[in-house]
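Number of protein chains: 2
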Amino acid sequence: MKEFTTKDKYNRVLKERAALPEGFQTAVQSFDFYPEERATDEPMRMNLTLIELDEPTDVFAGVFTRNAFPGYPVIIGRDLLGEDKISGILINNRISNVRCHGGKETALNITGELQELRKKDHPYLPSSTGIIGWKLPEKEMIGNLAPLSDKLKRTDFFEAAESIMTTDAFPKVRSADLDGGRICAIAKGAGMIEPDMATMLVFILTDIKIDRGELRKLFPEIINSTFNRISIDSDQSTSDTAIIFSSGRKECSSIDDFKKALYSVCSSLAEDIVRNGEGTSHLIRVTVSEAESVEEATGLGKALINSPLTKTAIFGNDPNVGRFIQAMGDHLGEKGVYINPDNIQISIGDQIVYEGGFFSLDEEKEKKLSNYMKDCSFVNSEGFPPHERSVDLNIKLGRGICSSQVLGSDLTYEYVRENADYRT
Amino acid sequence: MKEFTTKDKYNRVLKERAALPEGFQTAVQSFDFYPEERATDEPMRMNLTLIELDEPTDVFAGVFTRNAFPGYPVIIGRDLLGEDKISGILINNRISNVRCHGGKETALNITGELQELRKKDHPYLPSSTGIIGWKLPEKEMIGNLAPLSDKLKRTDFFEAAESIMTTDAFPKVRSADLDGGRICAIAKGAGMIEPDMATMLVFILTDIKIDRGELRKLFPEIINSTFNRISIDSDQSTSDTAIIFSSGRKECSSIDDFKKALYSVCSSLAEDIVRNGEGTSHLIRVTVSEAESVEEATGLGKALINSPLTKTAIFGNDPNVGRFIQAMGDHLGEKGVYINPDNIQISIGDQIVYEGGFFSLDEEKEKKLSNYMKDCSFVNSEGFPPHERSVDLNIKLGRGICSSQVLGSDLTYEYVRENADYRT
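Listed in order, the protein sequences are those of chains L and D. Read in the numbering used here, the first sequence has 119 at position 118, and its numbers run on one by one without any break. Read in the numbering used here, the second sequence has 142 at position 141, and its numbers run on one by one without any break.
This list has only true hints and no planted wrong ones.
Copies of the same chain are indistinguishable here, so a pair counts whether it falls within one copy or spans any two.
Below, a list of computed lysine to any residue pairs in the SDA-like style, where the Cα atoms sit at most 20 Å apart:
{"id": "1", "residue 1": "Lys397", "residue 2": "Glu293"}
{"id": "2", "residue 1": "Lys251", "residue 2": "Glu23"}
{"id": "3", "residue 1": "Lys136", "residue 2": "Gly358"}
{"id": "4", "residue 1": "Lys210", "residue 2": "Pro57"}
{"id": "5", "residue 1": "Lys369", "residue 2": "Gln346"}
{"id": "6", "residue 1": "Lys368", "residue 2": "Thr41"}
{"id": "7", "residue 1": "Lys140", "residue 2": "Glu117"}
{"id": "8", "residue 1": "Lys336", "residue 2": "Glu296"}
{"id": "9", "residue 1": "Lys136", "residue 2": "Glu106"}
{"id": "10", "residue 1": "Lys136", "residue 2": "Phe360"}
{"id": "11", "residue 1": "Lys8", "residue 2": "Glu163"}
{"id": "12", "residue 1": "Lys251", "residue 2": "Glu215"}
{"id": "13", "residue 1": "Lys251", "residue 2": "Arg213"}
{"id": "14", "residue 1": "Lys336", "residue 2": "Phe65"}
{"id": "15", "residue 1": "Lys368", "residue 2": "Glu38"}
{"id": "16", "residue 1": "Lys136", "residue 2": "Tyr35"}
{"id": "17", "residue 1": "Lys368", "residue 2": "Glu37"}
{"id": "18", "residue 1": "Lys260", "residue 2": "Arg213"}
{"id": "19", "residue 1": "Lys210", "residue 2": "Leu179"}
{"id": "20", "residue 1": "Lys105", "residue 2": "Phe359"}
{"id": "21", "residue 1": "Lys8", "residue 2": "Arg390"}
{"id": "22", "residue 1": "Lys136", "residue 2": "Pro36"}
Quick caveat, the hints were computed from the structure, so don't treat them as lab data.
Hey, can you work out the whole structure from these sequences and the hints?
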């Protein structure tokens, strides 16, 4: 369990994690622009981030939002999954390119110009995050492709992790070493907590050689049990995207080991995203076990971490098990599933709080649990997470052998402030 | 559209609505008690409320929470629906009698004592609302049945509407006249916004004569299209209860007219419950039309009013249509339903904000909409609702002839404060 006392210390750890796998270069470039949607003299600043493979690769995979009204980069990305090879990805922050006139053409124009500039036979993926409904500043973006291209280098992934941020409190980098090669991943996003600047973006690079078909089979499974098991506020963005590229430079000795390493990178990066929410003061880890199916366990876990009453209780350091029972009962009632409440056991941390059909709480235990929750809170998330602790809820259903873990955040004043005070 | 300038004016309107139908008496009685769960010198105050029919009736119906872990009064109430006749109902606030040792026996003992005291051949329903997990003060409750019984009178329902409140900001009464008789209803609850004192309770009295089977057919339908279409925070309580009794004193000339009158009473009372939330600063009315089915329309409406991002935007008087699209797309994506975004039209108040696949907003329109939202906000809900206005979102899906209306509340600092600052 890591503790971070200063931002410098946090960033030092991140830079250690951020060494690029072989066969990749990255670059970032910032510029000012005047959005046409606002009659203002104040320019906005946009960061471009380029990830490029030394040689276009056929080993890439992508998982996109299930939102029925996705942004244009998601629509284009889904098409490009069918390509033989891909040259890399161009990411911009500030504007998400969703539901604006000509958004698809603009994205294709920009990546087309990049492909020509970089003299590649294969396309680049576009990726955008930021305000919904506004147009990308196409001219300015194209004008900045040459200086961006000039900056490509093969040092580390840290700068890119900072460059893709919107309202993220801190950059997020995770990595794992394997077979002399490595997996290195960055993420942007604090769930949907940002005002209109929704979107979780995850970019994973590896030099481990793996079959394209194999990667496309295992990647969605891993996303499903990591990034799809976190929830800040139950809202799924129009642009959520996770992309993985392999440069194929290092032989893979065991696909199982690769899978394990990728799972560990994704699951710790998923935690970072929840921890990162500026509105988040507690990371909540719900483990539901003894369920009849993984789906049942995941459904109950998500019902808990999406319940406003559970979330506000944990914000208030209140071991309010009545609300957990209520949220679970609501979910089960809606699903029409009967689970005997006498067989359920609920713990917070290492303390049992419900067992045999009844609450098991007294004033002393409540005080202990409230202090446990206080210890888990993020007193400082100004530019770095102070620690990696979480409030652990363990639910045993007493009716099967399946289990699932989901991660969520509490519901705070800061969440409401950020999301209500945006434009008015 | 009513405006209420003072609490007195609001209560005067309520008292006019609260005349009892024939054949009923009500009484309230308060007392202090010391809950065994807390070692404290401060007593708590409990209100008992009794609703009694002059003659036990066979015409009664009840709809209870779908929550899989219901409270004991709900478990008992479901049983008692099978009785030939019922004498009335005894309601207490403060403790909800959920998941505590011996809770079922306690509830039956108390209503049993009441039945004996009132010399009735038929039982009373129990109903409780308040803290989850604590025990009812059985001895004190039984000791207060005689003074409660002495206070029975046939004046009005207003006192009872006040007596069943927990953290409700104001009492709620609605009524309708029909065939020389009337329907009069009271409700308690601010959704699940109260810390542990969950529960919506609705009690409806009528002297209109109607067949038991007919009532039990139409009552769940009406509940489903009124109280089941409101959501404060998507959490369903362990004790939600709606009960209707008929004394059968007045002939019913048209069952359709009775149904319409009952719908109107329930739907306005449902609005009052949403408006009542202490954390609520806007009532949101979402109308989804041109849907393929009522379920589709209701599902989309609920997705909108349960989306934290939609709720915080409206709290902030922000006409943030990007979030509405995101919430709808999230719901449809999860359901696997494809709706062409080009055919959708979204309006806020009388302004179209999305049409033909694109946002339709400029700075002037946004300003106008923000002012519209400000006019709808509750600047004062200290003991009375200042007005009956709502923020109206109209969604046309362009694919069918079905529609549905749902009501919700915004997400505010006050909501977080009330639910986080409860015990610690």
